[in-house]
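Once you have looked at the hints, place chains B, C and D with the ligands on chain A.
Chains as they are written, first to last, in numbering that gives the first Met the number 0: chain A, 0 to 335; chain B, 0 to 335; chain C, 0 to 338; chain D, 0 to 338.
Honestly, I wouldn't trust all of these hints.
Said to hold, decoys possible - Computed, partial: chain C to chain D, Cβ under 8 Å:
1. Leu88
2. Asn89
3. Lys93
4. Trp102
5. Gln121
6. Pro134
7. Ser254
8. Ile258
9. Asp317
What the hints assert, rightly or not - Restricting the straight-line Cα-Cα distance to at most 27 Å, the calculated cross-link-like pairs of lysine-lysine (DSS-like) are:
10. D:Lys314 - D:Lys236
11. A:Lys261 - C:Lys2
12. D:Lys332 - C:Lys267
13. B:Lys168 - D:Lys43
14. D:Lys103 - D:Lys214
15. D:Lys103 - C:Lys314
16. C:Lys336 - D:Lys336
17. C:Lys267 - A:Lys261
18. A:Lys261 - C:Lys4
19. D:Lys44 - B:Lys168
20. C:Lys43 - A:Lys287
21. B:Lys287 - B:Lys168
22. B:Lys261 - D:Lys336
23. A:Lys168 - A:Lys247
24. D:Lys332 - D:Lys214
25. C:Lys201 - A:Lys261
26. D:Lys314 - B:Lys247
27. B:Lys261 - D:Lys2
28. C:Lys204 - A:Lys247
29. C:Lys314 - C:Lys332
30. C:Lys314 - A:Lys168
31. D:Lys324 - D:Lys236
32. D:Lys332 - D:Lys236
33. B:Lys261 - D:Lys201
34. C:Lys103 - D:Lys332
35. D:Lys204 - B:Lys261
36. D:Lys337 - C:Lys267
37. C:Lys336 - D:Lys337
38. C:Lys44 - A:Lys287
Just so you know, the hints here were simulated from the structure itself, not pulled from any lab data.
By construction, the Cβ of each residue, glycine as well, lies at the ideal position given by its N, Cα and C atoms.
Listed below, chain by chain, are the residues.
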Amino acid sequence: MDLWVLYKQMLRSRLFEEAVSVLWNEGLISGEMHLGTGEEGIIAGIVTQLQEGDSLALDHRGTSALLMRGIDPILLMKELLGLPDGLCSGRSGHMHLFSPELLAASSGIVGSTGPAATGFALAARYLRTGKLSISFFGEGAMNQGMMMESFNLAVTWNLPVIFVCKDDKWSITTHSRNITAGNLTDRAAVFGMPTYEVDGSDVREVWISARKCLNRARAGLGPSFILATCSHLEGHFLGDPLLRTVRKPLSELPGITIPLMKSLLQSGGASALSRLEGLTIILNQVGKTIRDRKREIRDPVKIVRKLLVTEKMQLEKLEAQVFEELAGVISSITSE
Amino acid sequence: MDLWVLYKQMLRSRLFEEAVSVLWNEGLISGEMHLGTGEEGIIAGIVTQLQEGDSLALDHRGTSALLMRGIDPILLMKELLGLPDGLCSGRSGHMHLFSPELLAASSGIVGSTGPAATGFALAARYLRTGKLSISFFGEGAMNQGMMMESFNLAVTWNLPVIFVCKDDKWSITTHSRNITAGNLTDRAAVFGMPTYEVDGSDVREVWISARKCLNRARAGLGPSFILATCSHLEGHFLGDPLLRTVRKPLSELPGITIPLMKSLLQSGGASALSRLEGLTIILNQVGKTIRDRKREIRDPVKIVRKLLVTEKMQLEKLEAQVFEELAGVISSITSE
Amino acid sequence: MRKMKFSEAIDDAIAQAMAADSRIIILGEDVQALRRNLLVRFGKKRVLNTPISEAAFTGAGITAAMTGLRPVVEIMLVDFIGTAMDAILNHAAKVEAFSGGRWKVPLVIRATCGGGYGDGGQHEQSLWGWLAHIPGISVVVPSTPADAGGLMFSALEHPHPVFFLEHKLLSDMWLDYLGGASRKSVDFDVPFEGTYGQVPSKWTKIPLGQAAVRKTGTNLTIVSLGVGVHRSLECSKILQDNNISAEIIDLRTVSPLDIRTIHESVSKTGCLLVVDEDYQGFGLSGEVAATLLERGLSFEYARVCTSGTIPFSRKLEDEALPNVKRILDASLKLVNKKV
Amino acid sequence: MRKMKFSEAIDDAIAQAMAADSRIIILGEDVQALRRNLLVRFGKKRVLNTPISEAAFTGAGITAAMTGLRPVVEIMLVDFIGTAMDAILNHAAKVEAFSGGRWKVPLVIRATCGGGYGDGGQHEQSLWGWLAHIPGISVVVPSTPADAGGLMFSALEHPHPVFFLEHKLLSDMWLDYLGGASRKSVDFDVPFEGTYGQVPSKWTKIPLGQAAVRKTGTNLTIVSLGVGVHRSLECSKILQDNNISAEIIDLRTVSPLDIRTIHESVSKTGCLLVVDEDYQGFGLSGEVAATLLERGLSFEYARVCTSGTIPFSRKLEDEALPNVKRILDASLKLVNKKV
Ligand SMILES: Cc1ncc(C[n+]2csc(CCOP(=O)(O)OP(=O)(O)O)c2C)c(N)n1
Ligand SMILES: Cc1ncc(C[n+]2csc(CCOP(=O)(O)OP(=O)(O)O)c2C)c(N)n1
Ligand SMILES: [Mg+2]
Ligand SMILES: [Mg+2]
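With the rest of the complex left out, here is chain A:
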């Protein structure tokens, strides 16, 4: 495990996505935008260990993994901007990024990386012995039928897949625990896979568990499962309604509370108690978001940086390099 490599990849991803955030907020990127900021520890701990011929099934937060896997950042940024010379000719957008060279496919359909990684692994078994595939998905996706089907299929066929559940506790505005029965690691284990639970903010933990899974898969011993916790720094997506409320209560709240109060007090409907219960649910959503924020989010990039801070010169050099790369990306795009 080379922490310098890991940090570099995480920082590259973070800075790139922060640039994306600026461009999106400027209105230069359309549609939704789900960043991976906060999950870089999970992505780096796994993707940096991949070999040529391994494949990636990515969810709606695929940018980070593609960068770390070696995609040309200029092509990627151009794609996000919808430019005709982007990675996918401006036809995909951030939720549907594809790179046949890197054997990487994304999808915006929650749960679909299960089947996708299973198929990648099936082909690997026939054509690329010793190669494997990764399925990235959130804890909310664990309730999607095709995801659970994929666990069964991958185990039955003994395929080289690593299922990686990035648990940020949220499915958009829904606290996943409220809609999830039992324990997710147990749910994967019951299919007969080895499972690991790690703190995804600590890239070292991820790396070590991933190592075991990767070795197992390469040796033809079948799939495994990792549950790695994380927090998404920008909430579910850029402009996340809950985060907006928390961050800019003065501008956002009136638009929300006025109709809410009107509806709360309207005659006809549930009892006062039920109404209060309803209100509590909403306040809880916002409250949890505030607490998540306050509780000094464990930022994986900062955590790994702390481990390297003693070697000041090297660190500065590396950071300068990464900044420079990003500056190069931006200037190459803006200069055109």
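Using the frame of chain A, we list chains B, C and D with the ligands on its own:
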């Protein structure tokens, strides 16, 4: 538990389905025909304990449960015959039987009784407190995504459902164990439901476990799961290709083996070893079917009858009654 | 008369219905946030968050509807319906037929649809013609707040399954939720006339299967729905400057299809243009043509639809969807053909 | 020349392709029994039984196809595709477009379709027009053993996803598997000409998108596919007795649609009847009409399709599906209209 009632319902179902078999073989019933002969112990142990307002989500073997639940057997038989005055005006057939009065719905889509029972239970919670729903399905259906989703949904919402997996080991010609990872009872338990494993040929075992599940559901304590083993006396469906081969090897085998041998020996294709492996799989399918047959299938109707045989008079009277009912059904239809 | 936004009108109609009928419940992903105004009024028993399990909760909605509830099942984006398609195709649409008409499924499936805000091809499909292919379900696609509320009010009393599709470009609530509206400088081509408007002070039913003539005309009939109606209206102004008078029909429901209104109009104009944001082939645009032909009508015909996977880039997307320029070109060509 | 049964021809074409191309694998429920002849020749590594998890194994087939394999994914009955529809709609059909044309999905999805053997409405759908609505997939529906083999051979070399639909009424293998053919006295209305026939001694490709004119004629064009072709041919004999000469076009592929062949024929006859076992609304029958209208053709039009959920009762089913009588009535009415 009243064994007389249980036996009577099981015998009613058995005789009715045997009549169906005759009619089907005569060509008077079209399409596929999946009987429930062999699973009557499971159905009776559960259905005889239902109350008015409870609901039933039935799979492709729904005849038996409907009979025991009190459907008019004449209407049912007419439906199977496709008559315009059948239960569903001849529009459903045996895989899509519906009775709004009994709150019973069937579907030929494997796994769909999971969502169906969940929805029934949801409505029960709002409109019929203390009532519950049953989901019947096979062990093969446990790999269907929507079934696993339903486990999660029913537990999360704490709904009064009893999930009943009728494990006959087979999904048509596929030995389910070969395509199923882990243990099925554990798979259900991991969602946080109480689970039971019973010998479904012994209606008493089913009845006792079902009792606990029903009480739990009625008390508002949520779903449970029963795995009950059984053997289908007629194989997957009437005219089951595996059973036909075993039962009438002389007439069936040539049509199967001649093309098989031609293909086995054809140049181009896998190595001799792989080919033999392939042949072994087929022989195993047939072999398992033969062994299943030989191993004196545990017939739930016979098993419960044995317990009652001492009371000869009462038994004869009951059997006569049941015969008479069926005769009435047949004659009422044929006389028209 | 009040004025309301598009999604606000729908929620308001639902609220009125929910107050009158306690059997109406709402279930879907994030509905406790999306329908928070209904949550605080009707409580969490009637507004239920679901897991990301579309197949299970849509299927559950069907049997719940069969046994006394009137669920509104929400599928955030209609593109996601693939995961629950079995419930639609083989269950919701078929129970009534299978049961010989004895058992009905009074279910509303609410979903957003449509593109024009640069979200890419897995998140901007229309699919209304595709859904309407399945016998046994109705498909509703409103284009104004008043219609949206009135049709939802109708859907909630309809005894059969209704797909209720809400175009995201008309709904600033949805654009806001998806993060889009939180920015100043996005260039979404929103047809503002459809996003905000007068609605009745009390909701009454707008029957399913009744199209609305948005503008009368004599030279050309344009049949459209959803955002396409506004694009067509815009286009008709330019046509007017060229002395071409277009009649514009807003279908409002894809199925049942109000073929009478279309027939009347095309009998008069002899010229039909279908403007349909759904995929071109094997769908609504063909059905309209076929139904008129079956009735023996003879007319000039063209269509402006979406022909392939919708590209992400706003520019390519704009060219792919039925825009004013495409409608104008097609109209002119068609009218010239007739002469 | 050899003679073969319908499904036998398909399996034989697959065998020839499998022998030449080791990347071809077959996966699906029960395929080790259904394709036992391929199993014993190519081994269990190339003929894989799956769990009853259509969504997972169809989705897996897509990415396997993207990375070097050429999977044939079997969905027993096309009715079951609802459970895997997301894989079709949002993945198989879209990867190529999303990737800017850089990544292809050479996947064959094989399924049975069609009714006429009394299995009820969840097991007898056709759905070919429905599938064809989705841009990015081809849909093949053969009507003879020779076409079935040749089109499958083509599908296996096609660089894009192909839905290959096999009508159960043409396949005695399937009728047998489903138990039907094990009885003497069932009254399925099997069109025997389509079930058994000459096939080439070595399979060559029949290009997708090329219809076949099964019979030339001058008064009326009947466009059909699958079993409908045989019903139409039967009907044409009766028409001939009435001095009406029907031209019969077998589409063979729904998408791409061979509009040229249809156009030529209808230009000549001025009269189009579409015989389509799929649901009538918003599908193939409308598309054929619209495409001709777009090309400026003027013609009489009618269609004989399936209008609702297919009933179980053999009698009702027979009336619901396009039968010879319905085709005849529609033909006569249409031709009389023209005069
Ligand atoms: C099938 C499907 N249903 C719903 C959605 C809408 N959606 C997008 S992301 C998301 C939440 C996903 O939560 P999780 O899996 O935990 O991933 P996270 O976003 O937290 O990383 C939902 C519901 C979707 N894209 N696809
Ligand atoms: C979604 C779906 N896939 C496949 C089928 C075809 N099929 C019908 S029954 C069956 C096997 C079911 O096995 P199991 O669930 O164990 O029930 P059993 O028939 O053994 O009672 C299959 C694959 C179907 N009806 N629906
Ligand atoms: Mg999450
Ligand atoms: Mg079974």
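Taking the hints in turn, this is what the structure says about them:
At about 4 Å, the closest approach between the beta carbon of Leu88 of chain C and any beta carbon in chain D falls short of 8 Å, and the interface hint on this residue holds. Checking Asn89 of chain C against chain D by beta carbon gives a least distance of about 5 Å; that is within 8 Å, so the hint holds. With a cut of 8 Å, the hint placing Lys93 of chain C at the interface with chain D holds, because the nearest CB-to-CB distance is about 5 Å. With 8 Å as the threshold, the beta carbon of Trp102 of chain C stays out of range of chain D, its nearest partner Cβ sitting at about 13 Å, so the hint is violated.
The interface hint given for Gln121 of chain C is met, as the beta carbon of that residue sits about 5 Å from the closest beta carbon of chain D, less than 8 Å. Hint status for Pro134 of chain C relative to chain D: holds, with the closest Cβ pair at about 5 Å, below 8 Å. Checking Ser254 of chain C against chain D: minimum C-beta separation of about 7 Å stays under 8 Å; hint holds. Violation of the interface hint for Ile258 of chain C is found here, the shortest Cβ-Cβ separation to chain D being roughly 11 Å, above the 8 Å cut-off.
With 8 Å as the threshold, the beta carbon of Asp317 of chain C stays out of range of chain D, its nearest partner Cβ sitting at about 16 Å, so the hint is violated. For the proposed pair Lys314 of chain D and Lys236 of chain D, the alpha carbon gap of about 24 Å is at most 27 Å, so the pair holds. Only pairs whose Cα atoms come within 27 Å are accepted, and Lys261 of chain A paired with Lys2 of chain C is accepted, the gap being roughly 16 Å. At most 27 Å may separate the alpha-carbon atoms for a hinted pair to count; Lys332 of chain D and Lys267 of chain C meet this at roughly 26 Å.
For a cut-off of 27 Å, the pair hint linking Lys168 of chain B to Lys43 of chain D stands: about 21 Å separates their Cα positions. Annotation: proposed proximity of Lys103 of chain D to Lys214 of chain D is violated, straight-line Cα distance about 37 Å (limit 27 Å). Of the supplied pair hints, the one linking Lys103 of chain D and Lys314 of chain C holds, its CA atoms being roughly 24 Å apart against a limit of 27 Å. Taking the CA atoms of Lys336 of chain C and Lys336 of chain D, the gap is about 25 Å. The hint holds against a cut of 27 Å.
Distance hint between Lys267 of chain C and Lys261 of chain A is unfulfilled; the C-alpha atoms sit about 49 Å from each other, more than 27 Å. Between Lys261 of chain A and Lys4 of chain C the CA atoms are separated by roughly 16 Å; this keeps the pair inside 27 Å, and the hint holds. For the suggested pair Lys44 of chain D and Lys168 of chain B, the alpha carbons sit about 23 Å apart, so the restraint of at most 27 Å is met. Between Lys43 of chain C and Lys287 of chain A the alpha-carbon distance is near 18 Å, which keeps this suggested pair within the 27 Å criterion.
Distance check on the hinted pair: Lys287 of chain B and Lys168 of chain B sit about 11 Å apart at the alpha-carbon level, within 27 Å; holds. Proximity of Lys261 of chain B to Lys336 of chain D is assessed by CA-CA distance (about 56 Å); at most 27 Å being required, the pair is judged violated. For the suggested pair Lys168 of chain A and Lys247 of chain A, the alpha carbons sit about 23 Å apart, so the restraint of at most 27 Å is met. For the proposed pair Lys332 of chain D and Lys214 of chain D, the alpha carbon gap of about 20 Å is at most 27 Å, so the pair holds.
Straight-line distance between C-alpha atoms of Lys201 of chain C and Lys261 of chain A comes to about 17 Å, which keeps the hinted pair within the 27 Å bound. Our distance criterion of 27 Å between C-alpha atoms is broken by Lys314 of chain D and Lys247 of chain B, whose separation comes to about 32 Å. Among the hinted pairs, Lys261 of chain B with Lys2 of chain D is consistent with the structure: their alpha-carbon atoms are about 16 Å apart, no more than 27 Å. Proposed proximity of Lys204 of chain C and Lys247 of chain A is contradicted: the alpha carbons are some 40 Å apart, above 27 Å.
A hinted pair counts as satisfied when its Cα atoms are at most 27 Å apart, and Lys314 of chain C with Lys332 of chain C qualifies at roughly 24 Å. At roughly 36 Å between alpha-carbon atoms, Lys314 of chain C and Lys168 of chain A are farther apart than 27 Å, so this suggested pair is violated. Note on Lys324 of chain D and Lys236 of chain D: the hinted pairing holds, with a Cα-Cα distance of about 12 Å set against a maximum of 27 Å. Among the hinted pairs, Lys332 of chain D with Lys236 of chain D is consistent with the structure: their alpha-carbon atoms are about 17 Å apart, no more than 27 Å.
Pair hint Lys261 of chain B plus Lys201 of chain D holds up; C-alpha atoms about 17 Å apart against a cutoff of 27 Å. A C-alpha spacing of about 36 Å is found between Lys103 of chain C and Lys332 of chain D, which places the hinted pair above 27 Å, so the restraint is violated. Taking the CA atoms of Lys204 of chain D and Lys261 of chain B, the gap is about 24 Å. The hint holds against a cut of 27 Å. With a C-alpha separation of about 22 Å, the suggested pairing of Lys337 of chain D with Lys267 of chain C holds against the 27 Å cut-off.
For the proposed pair Lys336 of chain C and Lys337 of chain D, the alpha carbon gap of about 23 Å is at most 27 Å, so the pair holds. Among the hinted pairs, Lys44 of chain C with Lys287 of chain A is consistent with the structure: their alpha-carbon atoms are about 22 Å apart, no more than 27 Å.
Violated hints, in rising order: 4, 8, 9, 14, 17, 22, 26, 28, 30 and 34; the structure is consistent with all others.
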